[in-house]
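> Residue numbers are given in the working numbering: position 151 of the sequence shown equals residue 151, and the series is strictly consecutive.
Note that these hints are calculated values from the structure, not bench results. Hints are supplied without guarantee of correctness; some may be wrong.
As the list claims (entries may be wrong) - Restraint ranges, calculated between C-beta atoms of paired labels, are given here: (1) 318 - 281: 42 to 52 Å; (2) 11 - 181: 39 to 49 Å; (3) 319 - 158: 36 to 46 Å.
To be verified - Dumping the calculated PhoX-like pairs for lysine-lysine here, alpha-carbon to alpha-carbon at most 25 Å: (4) 90 - 3; (5) 55 - 105; (6) 65 - 180; (7) 65 - 219; (8) 110 - 152; (9) 135 - 90; (10) 180 - 219; (11) 106 - 118; (12) 55 - 219; (13) 32 - 180.
A virtual CB, placed ideally from N, CA and C, is assigned to each residue, including glycine.
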Amino acid sequence: MAKIGNIDVGDFPLLLAPMEDVSDPPFRALCKEQGADIMYTEFISSEGLIRDAAKSVMKLDIYEKERPVGIQIFGANLESMLESVEIVEKSGPDIIDINFGCPVKKVVSKGAGAGILKDIDLMVSLTEAMVKHTKLPVTVKTRLGWDHDSIKIVEVAERLQDVGCQAISIHGRTRAQMYKGEADWKPIAEVKNNPRMHIPVFGNGDVDSPERALEMRDKYGLDGAMIGRASIGYPWFFREVKHYFETGEHLDPPTMLERVDAARRHLQMAIDWKGEKLGVFETRRHYTNYFKGIPHFKEYRMKMVTSDDAADVFAAFDEVEQEFDDFVFTR
Numbered sequence: 001m002a003k004i005g006n007i008d009v010g011d012f013p014l015l016l017a018p019m020e021d022v023s024d025p026p027f028r029a030l031c032k033e034q035g036a037d038i039m040y041t042e043f044i045s046s047e048g049l050i051r052d053a054a055k056s057v058m059k060l061d062i063y064e065k066e067r068p069v070g071i072q073i074f075g076a077n078l079e080s081m082l083e084s085v086e087i088v089e090k091s092g093p094d095i096i097d098i099n100f101g102c103p104v105k106k107v108v109s110k111g112a113g114a115g116i117l118k119d120i121d122l123m124v125s126l127t128e129a130m131v132k133h134t135k136l137p138v139t140v141k142t143r144l145g146w147d148h149d150s151i152k153i154v155e156v157a158e159r160l161q162d163v164g165c166q167a168i169s170i171h172g173r174t175r176a177q178m179y180k181g182e183a184d185w186k187p188i189a190e191v192k193n194n195p196r197m198h199i200p201v202f203g204n205g206d207v208d209s210p211e212r213a214l215e216m217r218d219k220y221g222l223d224g225a226m227i228g229r230a231s232i233g234y235p236w237f238f239r240e241v242k243h244y245f246e247t248g249e250h251l252d253p254p255t256m257l258e259r260v261d262a263a264r265r266h267l268q269m270a271i272d273w274k275g276e277k278l279g280v281f282e283t284r285r286h287y288t289n290y291f292k293g294i295p296h297f298k299e300y301r302m303k304m305v306t307s308d309d310a311a312d313v314f315a316a317f318d319e320v321e322q323e324f325d326d327f328v329f330t331r
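Generate coordinates for the entire structure from the input sequences, incorporating the hints supplied.
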């Protein structure tokens, strides 16, 4: 049974990864319904929070039904990070997570995200200061290292634990790899197998099938799996993994009716939360996976991803439901 601080998170929990413009409240709600155990918000700029930037502050919205939930922040300036912790606490999360893994250039260039992997001492001291500044459990998400020649993740994880980090999620790539090549889980297993480690060690990267999740649990011995890209437009991934764990069999894919219903609800929740313009725009990336595998679907997909009018998108959902009502999805 894994625990983050005093929070029981179950036996091999499935975590929804923090993903920019993806892991928002509407999508988190759908993933929670389908079995996700721990939710993380989109990553939030500490500088944006202390300057009261509207987009950053909006990301602090969390809801009772999604607990336990962690708010993830990033930054490289100690004062800004500590001030942002105080702001985050007012939203009442269960966990504060520090992003030391985002590989995007605009984040890394400021020494934040994966950029801090060039300065492990700063990474550790920043974590220690944040742990001392809050009563909430502090967790970390990071990568194996800056590049292949600087992988010291066993040592780094141990040092983070020693200053009070309550759990660590590790993406099995370096910053130099970005999202290319295959994730390497062996160094993550080395962290878990370090006899000095006692906090949960979660794996991330290329968990794209129930079999891979099982491999992460049984072959690599990790404490849980953080799911990212496999869930985009497919919140059912969580229930499929859990069903496979319980039975050893694959669950049937969601039906057309389930997919259309989820797409409708997703869009409506997004509009309710962030307004029609942003709601329509930021749900577009999900539609390809919602309706993946349907032949001759381009016409409908184009309507969904090019219209700025919510009514047109909802109408496209109606058309799909009528036109493909008897379509059977296969694995």
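> Could you run down the list of hints and mark each one as holding or not?
Results of checking the hints against the structure:
| no. | hint | verdict |
| --- | --- | --- |
| 1 | 318 - 281: 42 to 52 Å | 21 Å, violated |
| 2 | 11 - 181: 39 to 49 Å | 31 Å, violated |
| 3 | 319 - 158: 36 to 46 Å | 56 Å, violated |
| 4 | 90 - 3 | 23 Å, holds |
| 5 | 55 - 105 | 20 Å, holds |
| 6 | 65 - 180 | 35 Å, violated |
| 7 | 65 - 219 | 33 Å, violated |
| 8 | 110 - 152 | 22 Å, holds |
| 9 | 135 - 90 | 12 Å, holds |
| 10 | 180 - 219 | 23 Å, holds |
| 11 | 106 - 118 | 16 Å, holds |
| 12 | 55 - 219 | 41 Å, violated |
| 13 | 32 - 180 | 29 Å, violated |
Checked against the numbered hints above, the structure breaks hints 1, 2, 3, 6, 7, 12 and 13 and satisfies the rest.
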